[in-house]
Structures are given as C-alpha cells and as structure tokens.
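Q: Chain B: place on chain A using the hints.
The lines below spell out each chain.
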Amino acid sequence: MEAYEDEKNLVRRAIEGSNDAFEELIRLHSGKMFSVSYGLLGCKEDAEEVVQDAFIKASKKISMLREDASFSAWLYRIVVNLSRNRYKWNRSRGDGLNISISETSSDPDFDRKEDLDLPSNVPPPDKELAMGEIEKKIFDEIEKLPDTLREAVVLRHVNDMSYQQIADTLGCSLEAVKTRILRGRAIIAGKLGGSI
Amino acid sequence: MNVKGGKCPLLEDLSAYCDGELSRSSPAYIHIESCEECRLKVSRLSKISKAISLSLSNPPGVNCVSRKTVEALRSENRISATKLTPYWEIFLRVAAVIAIFAGSAVYIFDLTERKGENKLLALEKSEKIKNKDLILQPINKEKEEPTHQIADKNENMPHSPLNSFEISDMRNTGSAETNTTSKRIIFGAVPGESAANINDIVRHVWIWNKEGLAPSISDILKNSGIESFQKDGNEHVLITEKMRLVKIVRALHSEGYELLSPDEPQPESKRFSGHPEQKVEYHFSLAGDGN
Numbered sequence: 000m001e002a003y004e005d006e007k008n009l010v011r012r013a014i015e016g017s018n019d020a021f022e023e024l025i026r027l028h029s030g031k032m033f034s035v036s037y038g039l040l041g042c043k044e045d046a047e048e049v050v051q052d053a054f055i056k057a058s059k060k061i062s063m064l065r066e067d068a069s070f071s072a073w074l075y076r077i078v079v080n081l082s083r084n085r086y087k088w089n090r091s092r093g094d095g096l097n098i099s100i101s102e103t104s105s106d107p108d109f110d111r112k113e114d115l116d117l118p119s120n121v122p123p124p125d126k127e128l129a130m131g132e133i134e135k136k137i138f139d140e141i142e143k144l145p146d147t148l149r150e151a152v153v154l155r156h157v158n159d160m161s162y163q164q165i166a167d168t169l170g171c172s173l174e175a176v177k178t179r180i181l182r183g184r185a186i187i188a189g190k191l192g193g194s195i
Numbered sequence: 000m001n002v003k004g005g006k007c008p009l010l011e012d013l014s015a016y017c018d019g020e021l022s023r024s025s026p027a028y029i030h031i032e033s034c035e036e037c038r039l040k041v042s043r044l045s046k047i048s049k050a051i052s053l054s055l056s057n058p059p060g061v062n063c064v065s066r067k068t069v070e071a072l073r074s075e076n077r078i079s080a081t082k083l084t085p086y087w088e089i090f091l092r093v094a095a096v097i098a099i100f101a102g103s104a105v106y107i108f109d110l111t112e113r114k115g116e117n118k119l120l121a122l123e124k125s126e127k128i129k130n131k132d133l134i135l136q137p138i139n140k141e142k143e144e145p146t147h148q149i150a151d152k153n154e155n156m157p158h159s160p161l162n163s164f165e166i167s168d169m170r171n172t173g174s175a176e177t178n179t180t181s182k183r184i185i186f187g188a189v190p191g192e193s194a195a196n197i198n199d200i201v202r203h204v205w206i207w208n209k210e211g212l213a214p215s216i217s218d219i220l221k222n223s224g225i226e227s228f229q230k231d232g233n234e235h236v237l238i239t240e241k242m243r244l245v246k247i248v249r250a251l252h253s254e255g256y257e258l259l260s261p262d263e264p265q266p267e268s269k270r271f272s273g274h275p276e277q278k279v280e281y282h283f284s285l286a287g288d289g290n
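Here the protein sequences line up with chains A and B, keeping their order. With numbering that gives the first Met the number 0, the residue at position 88 of the first sequence is 87, and numbering never jumps. With numbering that gives the first Met the number 0, the residue at position 163 of the second sequence is 162, and numbering never jumps.
In case anyone wonders, no lab produced these hints; they're calculated from the structure. Treat the hints loosely; a few may be bogus.
Said to hold, decoys possible - Pairs of lysine-lysine, BS3-like flavour, derived with a Cα cap of 27 Å:
| no. | chain 1 | residue 1 | chain 2 | residue 2 |
| --- | --- | --- | --- | --- |
| 1 | B | LYS49 | A | LYS31 |
| 2 | A | LYS143 | B | LYS49 |
| 3 | A | LYS60 | A | LYS7 |
| 4 | A | LYS43 | A | LYS190 |
Isolated chain A (complex conformation):
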C-alpha cells in the first residue's frame, strides 16, 4: 500500500512536470516493461527501443492520465501496443515465424482437450543442467505462439499478473484470458514432446 502511495505521489509530481519524478517512475517500471516486451518480441534491441519509446510517449501524455488510474497498468498497455506494432513490422519483413489463430484451431489435436495429457517428459525446472536448453526451447516456442496467446502467456508469466489485470491490459474478457493462457501452455507443452 505504501509503495502504491509512493507511486501515486510520483505520478502526481510527474504530471505537474517533475522530470525527477518521471525518471524515478522509469527506474521503478522499466525492468518489468522490458521483460514483457522482450517476451513478446524475443529481441533485446527491439525490446529496449519499445521501452524507451513507451516512456517517451508516457512522458508526453501523462497529463492525460486520470488521477485514479494506475500508471503501471497504463504503461503496460502502451508497451503491449508498441510491441504489437513492432512485432507486425518485423513479421512484415519476413522475420516473424508467427502462426495464426486459425492455423492453431484447425489442428485436430488442439480442440480435443479431453484427450490432452500433460507431458510426462518435461523435466522439473529445478534441474539446472537441462534447463538451459529447455528454457531456450520454451522461449522459442513462446515466440511462435499466435499473437493473442503469446501476449496472455507472457503477461502472466513475466510479472505474475492477475487474470483481471491481463484482461484489462489486452482489452479482453476474463474467460478469454483463461482460455488463452491454457492454450498457450498446451501448445508449448506439445512442442516439448509431450502434449497437454
């Protein structure tokens, strides 16, 4: 609660034009925003640029932020939107390996949830020797997820966002968030050799 009050105070000062306050907000939030953008884009340089652009944009528009609104939630939306734009831009240049939702849903195995079994061959995450490769493999598979699934999975796993926060950030329903997170996990599990 105290941290929240501190942030509110910083936001108020930033709205009043304090550069120091805004830079403090950057220090508080840039790491989290970078992690989200990196998870969505899979590229450090792109993620850095998105975060910089997001804060620059936020600094210009912060006067429009309602007093009762959450600065971080607002910032997440900016970062997700900018990351989306960057992702589409990268994909338009042929960099993307993205697949569409329709491709996923046409997968006959995907719809048969009742038949889905969790993979038995996924090593427990505490086995560090194997995890380097597993992590990379999982990260690669996250990048290949359809846009909507990738966004939900990344927001959930990067900062432990609640389903409601994810729904607010992505502008979708709570049920949609539940489904997207499950589907994302199911696809990744399937790519790891097993299937959910």
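A: Just chain B now, with coordinates in the frame of chain A:
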C-alpha cells in the same frame, strides 16, 4: 477417495487453479482439491507453468534498461528544447493553425495579384496545400521545378499502408547543396508549420535513392543499427516513434547529411549547384497522424 464437486472441471479451470485464480468456493476448486486425477493434471500444468516462467525470467540486458531509458528521455527532452506546459502547447497549436490559414490567404492573394490567375484557381491550389498538411521535401534539385511536375514525378513512389503525404508543394521545399564531399538535406513545411510539428506528426519516413547515384543509405542505416528494408527497389525505414527519426537523422548527419529545420531560411549558398551527374534525390514522406 471421496471426490466432491461433481465431474472433473475443464482444463481452463485446472490452469486457473494453478495460477491461484480459481475461487476457493467454486465447485471446480472443491472438486480439484479432492480428485487425484485432477491434482495430477494440476501438477503437470504447474511444471509447464514454472518452466515458462523460468524461460522468461532475467532477460539479457534488463539491468541497463533503466539507465538507457532515462538517457533516451533526457535526449528527447533536449531535442524538444523546452518542455512546454499543455496550455502553451494548445496555444501554439492554435497559433499554427491560424498561421497556416493566414499563409494560405497571402499565397492566394500573391498568386492572384502577381500571376493574374483567377481567384478560383488560386483557391484550388491553396486547398491542395492544406490537404497535404505537412510536406517534407525532396532534396538536391538541380533547378526549381513547378509543383505539378514534382507531384508527377512522385507517382511511382511507394505508398505507406497508412495515409501518406505525397510531396507536392515546392514553394517552401528544401534544396540541397551537392558536391563531392557533402550533401545537405532540408526538411520543408508549409508556412506556419514548425520543426516541432514535424516531429510530432512524423511516423513513417521512407527514404529512397531515386537516381541510384547516392552513397548507400542502406549501408549508413545498417552501420548505425537502424533496420531498413528494400521494397520496389527502394529503401524504406519505418518510423514508429520520434526517437527512431532522431536516430536516423543522427546517422545520416554523421555521414555528411544534415537536417535543417523548416523554420530556417534557405540561403542561396545551400541550393544545389553541383554537376548534373551528381544529381541525387532523396524523398522523405510523412505518414500517420502522430497519435
């Protein structure tokens, strides 16, 4: 074991259970707590969930992001000169609109008086200028060319998927001094617009080397870590944020190109005077509404 809460819930509920997003009073939660089969699935889902979290944790470079972002913001603020209050911004925007209309009126009057054209024709020309909003200029013109000729030249230029602004008005356009050692790029704007407005509005800048004689801009961009791509034989750079434009301008500047504010007068010495074979045209096209 006695299983409570009816039949096994959907996988979505198991996944939500893993994330602590299932209400303890819900039938699904009560069922999972007492169902071996569901708890086994939950256990597997938890492993996947933890593995995904691990793969996304500690991205490379996360420790420098804060510093780099603060530096970028400070740089941005310097470029924007002084940070104006919203009230001053509103005032200046209104003033800019008035100036555009005043400029258009003067232009109409000037055309009518000096060239003897009828007022209807003058008004049509003025409207064309207004509709173009902001005009960024081609450079390195060997000689002044009439407006309509320049517009015709641009017919084959690639267009932004967004609403792009074609180069059309040459009255306030940039020209360039070209010789063997340096080139100069001048951004132009209609009367009343300022460099700050260009920065506010610009979203896409497309660069292409029409004559194929210029030093490779793609190499300059590549060496500066700026992504560009080839389309229709031309070089394109997408500007998503102002910082991207700033980076490009800096990169070009370091290679002998220079960005001039449209507010600056264009001295005769900066006009193109090179050999015809050195004639090069770069076209910077603006697109998007700046939101």
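Q: Mind checking the alpha carbons of A/LYS143 and B/LYS49 for me, to see if they're no more than 27 Å apart?
A: Holds - the C-alpha atoms of B/LYS49 and A/LYS143 are around 19 Å apart, at most 27 Å.
Q: Assess, step by step, whether the Cα of B/LYS49 is no farther than 27 Å from the Cα of A/LYS31, and give holds or violated.
A: holds, 18 Å
Q: Take a quick look at whether A/LYS43 and A/LYS190 sit within 27 Å of each other, Cα to Cα.
A: This hinted pair holds, its Cα atoms lying about 24 Å apart.
Q: Take the C-alpha atoms of A/LYS60 and A/LYS7, compute the straight-line distance between them, and say whether it is at most 27 Å.
A: holds, 16 Å
Checked against the numbered hints listed earlier, the structure breaks none of them; every hint is satisfied.
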